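K.L.:
Chains as they are written, first to last, in this note's numbering: chain A, 1 to 343; chain B, 344 to 595; chain C, 596 to 1043; chain D, 1044 to 1443.
I should point out that these hints are in silico values taken from the structure, not numbers from a laboratory. Check each hint, because a few of them may be wrong.
To be verified - In the DSSO-like style, the derived pairs of lysine-lysine whose C-alpha atoms are separated by at most 27 Å in a straight line are:
| hint | chain 1 | residue 1 | chain 2 | residue 2 |
| --- | --- | --- | --- | --- |
| 1 | B | K350 | B | K395 |
| 2 | C | K685 | C | K904 |
| 3 | B | K395 | B | K414 |
| 4 | C | K696 | C | K931 |
| 5 | C | K926 | A | K79 |
| 6 | C | K904 | C | K1001 |
| 7 | A | K308 | C | K796 |
| 8 | C | K931 | A | K79 |
| 9 | D | K1132 | C | K763 |
| 10 | C | K922 | A | K79 |
| 11 | C | K904 | A | K79 |
Stated by the list, open to error - Partner residues aside, some chain C positions facing chain A, computed with beta carbon under 7 Å:
| hint | residue |
| --- | --- |
| 12 | A843 |
| 13 | V863 |
| 14 | F872 |
| 15 | G873 |
| 16 | G898 |
| 17 | G929 |
Note that the structure is predicted; figures quoted are calculated from it, not measured. Note that the Cβ used here is the ideal one computed from N, Cα and C, for glycine as well.
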Amino acid sequence: MDAIILQILNGLDKGSAYALIALGLTLIFGTLGVVNFAHGALFMIGAFCAVTLQRIFNISYETIDESRTDFLGNPMTVKTPYIEHWFGPEMGGAIIDWSVPLAILFSIPIMISIGFIMERGLIKHFYKRPHADQILVTFGLAIVLQEIIKYFYGANPIPTGAPEVFRGSFDFGVMLGFDPNAIIYPYWRLVYFAFAAVIIGGVFAFLQFTTFGMVVRAGMADRETVQLLGINIDKRFTIMFGIAAAVAGLAGVMYAPINSPNYHMGMDFLVLSFVVVVVGGMGSLPGAVLAGFLLGVLESFASMNEIKSILPGIDQIIIYLVAIIILLTRPRGLMGRKGVMED
Amino acid sequence: MGILEVKNVNKRFGGLQALGDVNLSVAENTVHAIIGPNGAGKSTLLNCLIGKLIPDTGSVMFQGQSVLGRKPYEINQMGISRVFQTPEIFGDLTVLENMMIPIFAKRDGVFRMHALESSHNENEIIDQAEAMLEDLNLQDQRHMHSASMSRGNKRRLEIGMCLAQTPKLLLLDEPTAGMARADTNNTIDLLKQIKDERDITIAIIEHDMHVVFSLAERITVLAQGSPLVEDTPENIKGHPKVREAYLGETAA
Amino acid sequence: MSKSNLTRRGLIKTSAIAGAGVALPTIFTASSAAAFTNEPTGGSVTLGFNVPQTGPYADEGADELRAYELAVEHLNGGGDGGMMNTFSSKALQGNGIMGKKVEYVTGDTQTKSDAARASAKSMIEKDGAIMITGGSSSGVAVAVQGLCQEAGVIFMAGLTHSNDTTGKDKKANGFRHFFNAYMSGAALAPVLQSLYGSDRKAYHLTADYTWGWTQEESIVASTESLGWETVNTVKTPLAATDFSSYIAPVLNSGADVLVLNHYGGNMVNSLTNAVQFGLRDKQVNGKNFEIVVPLYSRLMARGAGENVKGIHGSTNWHWSLTDDASKAFVKSFGEKYGFPPSQAAHTCYCQTLLYADAVTRAGSFNPCAVAEALEGFEFDGLGNGKTLYRAEDHQCFKDVLVVRGKENPTSEFDLLEVVEVTPAAQVTYPPDHPMFAGGELGACNPGA
Amino acid sequence: MLGLNKRDFSLLLIVAILALCAPFLLNPFPADSAMAQFNAGYPDLMQRFVIFGIFAIGFNILFGLTGYLSFGHAAFLGVGSYSAVWMFKLLSMNVIPAILLSVVVAGLFSLLIGFISLRRSGIYFSILTLAFAQMSFNLAYSVLTPITNGETGLQLTLDDPRILGVSRTEDGSIPVTNFFGLEMRDTYEMIVGPWSFQFNNGYYLCAVLMLLSFYIAIRIFRSPFGMMLRAIKSNNTRMTYTGLNARPYALAAFVISGMYAGLAGGLLASMDPLAGAERMQWTASGEVVLMTILGGAGTLIGPVLGAGFIKYFENIFSKINDSVLHSWFSFMPDGLENLLVTLVHPFVGKGWHLTLGLLFMLVVIFLPGGLVEGGQRIARLFRRKKPDDAKKSTQSTPAE
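One chain only, chain A, in its complex shape (with noise of 0.2 Å):
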């Protein structure tokens, strides 16, 4: 019992991922009708936008300590960020403490512009291209982008930390009267599982509470009466896709903790989301987020040793299993809507 807890909790957490990425995707989908291979690129941009400030406050003057020397025998070169120099130690240490969470609203205008330039300057030009061309040209510009992130960041993981009262864990087990050490989470595990939430909550009441929101999901559902209402829905939809950029870039932030960022771990998550928005049904908000949280928490039960044991190499497979299972069972994915992208 305790197990499948535990691998719920893993599995919510790894979902919110997804479904945090899969919801960009959709958007972005669903408005302008575009499959944007560049969303991966994205959430990756958005860990770096951690890195970036998390560099940013660490940018240092530098004092010469001859007492020590550096791995040449020369003086020791001693850095102290500027941050904790007009600060001071307490208080400069605290902000470089909190980078990852500042970066939120770091990456916010990084997001929704970068999000504005690839909308105007590319994507805009795609709407009435096959869906191959849009997936060319936006692997294109994926490689494109991780390539840049590659040649100042270098391939390496770079290591962005949580604050230190969001590391270590806690004991979710005592709470519900398991034994000790039988259910440990780590808070900022937590913490990112609530801050997808309150993420896609917000996009959904966005969608459904504003006169933005209902416009778009008019443009959704039918793009061109909308149009003969004397919307101007291509700026609205322009709007949309800086939004679904920076979701992607705030679940890439809010990442960066859990696994350090590398320039390639977009590509690693876009097939998976790829798959998450296809399971849910391509075109469905709640059917992507569905289908995140579902692939997230079969992922982790899957990887359980009394699952493995039965079935070796179960865990290897299982999101593609799945996808199969339900596509063959449910033919548009588990919310899907006729006729989208069959053709």
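Chains B, C and D: place on chain A using the hints.
P.N.:
Chains B, C and D alone, transformed into the frame defined by chain A:
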């Protein structure tokens, strides 16, 4: 006994009774029109006839065989061809190729692996297709991509593709919807010509009364999912129930 | 019929000059002229540096390439000579290799065995490389080693840690300077015993592919001989990025040590996750819970940040060693590039020097002569103490370092500290050890 | 000729001439010149050009004709490679049984996957194929290691129980793949002045099979069957209401393209007897999609061009390092030389992915029909010039 017999067909979508106890008999070698206001269930009925929908109860028999549960291509192989509201043709293929495909289908059945033969050497098929195009007055456009034809010509091509299979029953779903007057008249003329020259039964679903009364020999009026009356065009014209149904539509 | 198996260029260069201006096509049969593949005939000799330049190991690859460039510079008499000055063999004169200037070509393995072979083939077929070296994973090393055997050139393996490289997949033309999984186990075991006692329960997470398995096998064997119990060994998919669902059950399994048989990105993520789950703060069976990473890479350990602190593992070499050779290498590398070399860089530099030295001692570029010169070669002064290139399996036997993540690093490079230098004798195994059984070197192949 | 019309026959002839003269055409630069870096006429790369050409031709039969976008075709290539290597290990070093087996096994495997995946269309089909291929890759890398040798890739060893032939040659090495005694890796060297050209047995076997594949592809394109496949892409509704069952047609196309992939896989293994699991990864499947679209989907020659384009980049651009750059620009003043090297550096060597990504984008943005469209535009440019000139002269006459 008609060539197409629809008996006690019911179809519900959730709470909506789309078809209620539909009985219909289409006699061989006649032109039978099905009319009715919007939402009367014409399209649902048509979809039941060609296997796209399966009714909740009742039977649809074509020449004594049930069509229910069969795949569209099987129904076509039984001798039923369908013309769609918006012309469904192979837009990326040339007009001649469009015409060759139904003739291949007639000769080779649902599937044949003729991967290493050359379609240029299929003289018999090409000849038949060219003859058909000549009948349709489309021979000048035979090397054009069919997507770039005018709407009227697309419709002619589609009807021609159906005829090329020499079907026993031709189903037409609002064949003149969205057409200019001239194209509509052309289509009417074409259908008249077909009716006169071929042994063929035509079932037509139509909104445009001009088309219906120029062609039909029998008319069934559907209203709210059920047949209201079935009679000859002359009798339908003055029928009070029909007026009521259509006026009701205008009022709504 | 020309039999120039994969051969090219060397001889052609001169023939081309002779044939210049002659309009008639001249068909050469390579075998009649060359004694072995890509025999260098001009004033230069070409080496092929095949490293990952794209993909997750690109930074390792870049560091290897730096080491190669440094080695070439030293061989050609440039720079400060680096470890050439401390190397026990004094055959190298700084005049290239046997008077031929050393040139090199580079390629991208993409850390895929296919791409690595394609790249190595292009070096051999197009650029006339006489020796191939590099790589940052065992799959690639084994695949390229097999190719070099067929083509008749020498392969000097880069970073490859699997037992198979000099075990069941060993080849007569292939040589490995780097240590292997068995040695990691043998070196770590005594240290672990003295640190954690002999009554421990270990839980293994293992990358689900060949290297992971051989490492798991080695560590399990050496820790069980200490009296440790292996609670469970769990395979994790290579593509996994989030290890939470593998790590979460560890605490409840009764184990008090977690062994992460992961490398590269897998290692960074699994270690980060394990620390996140608070494993290191826990007490199990009345003991502190411990994590062990048998194969450490400093470059990758950086990715795990503070999480490496206090965690033990083994490594082939570390820049903080204070012997003359290591100091000389760190100095010339550091002065050229501004940061200390990684263990990958070190092994690649050594391999290049060792090859050049063997050619010079053999007096020939012929792979068979070079192999003979390397087999059983004993040397010192390359940073690992006295070392033997064993003839039976072409594996180097030398001291192995046990390291620990440093608690108070003084710089971004200062992540690991050497805990113990395990002497070579302790990590030496007989050539017919069961973990290395199943393959044979075969005969040396000079190509042509 | 050969059942082809004049235009197709001349296309085949051109491709044949290009393929047979490739050793000359791909080595246009003298071996010692700085430009020799761009020479692609060495056996391994030439083999890859034609083998991936076969792969892309086959993929185009499915994607170009029916419009079904498979994201899992690399699985068939991988399966083909594994079958071929097993044939070398167990039966004989002759490439013919290996190639035959790889085509058959890939055909059966694609029949199975196609049968299931073709129950869905559009992106749902793509994801199904992707899922199958990723499952194959993940399993081949891990639990199927006894069959696939996992990470390292399946290789020949000195103690393979070869039924026809020896486990090891007299000098103690692994025997070489051959075509009835003709060794695949043998290469003729031809020296003309400063140029050198390599003629490799394996390449010519691949080239002949590529021409055969290309010929069959032309026949399929021009056959009634091909017409049916184009009809599926154009309008599936009309297809079924014309009494044709689209699924067996699509399945046949799927299996044919799977067999092409198997042939490519078998040839890869015949040229270099190693089968790595990465051949089945989604990136490899994506690569053939890119090749096809980049070259021009639905055109005959496009996929071959696309395959050549990508393989050229992968193998040539990735080898340009800083010292090569310096040697190119060494004639310039030092400052300028360094500046140019710094500017070019991010795009070559380890940056070759960046260049490839940029080129994808440029081609897709400006040449929606792929490289073939680029070629057509250039051709049109030349053709238009002449009539324009003629028009000008006629127009100018009355003005006089």
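K.L.:
All hints are to be evaluated individually against the structure, with a verdict given for each.
P.N.:
Hints, verified against the model:
no.: 1; hint: K350(B) <-> K395(B); verdict: 17 Å, holds
no.: 2; hint: K685(C) <-> K904(C); verdict: 41 Å, violated
no.: 3; hint: K395(B) <-> K414(B); verdict: 8 Å, holds
no.: 4; hint: K696(C) <-> K931(C); verdict: 21 Å, holds
no.: 5; hint: K926(C) <-> K79(A); verdict: 22 Å, holds
no.: 6; hint: K904(C) <-> K1001(C); verdict: 5 Å, holds
no.: 7; hint: K308(A) <-> K796(C); verdict: 21 Å, holds
no.: 8; hint: K931(C) <-> K79(A); verdict: 22 Å, holds
no.: 9; hint: K1132(D) <-> K763(C); verdict: 16 Å, holds
no.: 10; hint: K922(C) <-> K79(A); verdict: 25 Å, holds
no.: 11; hint: K904(C) <-> K79(A); verdict: 21 Å, holds
no.: 12; hint: A843; verdict: 5 Å, holds
no.: 13; hint: V863; verdict: 5 Å, holds
no.: 14; hint: F872; verdict: 5 Å, holds
no.: 15; hint: G873; verdict: 4 Å, holds
no.: 16; hint: G898; verdict: 3 Å, holds
no.: 17; hint: G929; verdict: 5 Å, holds
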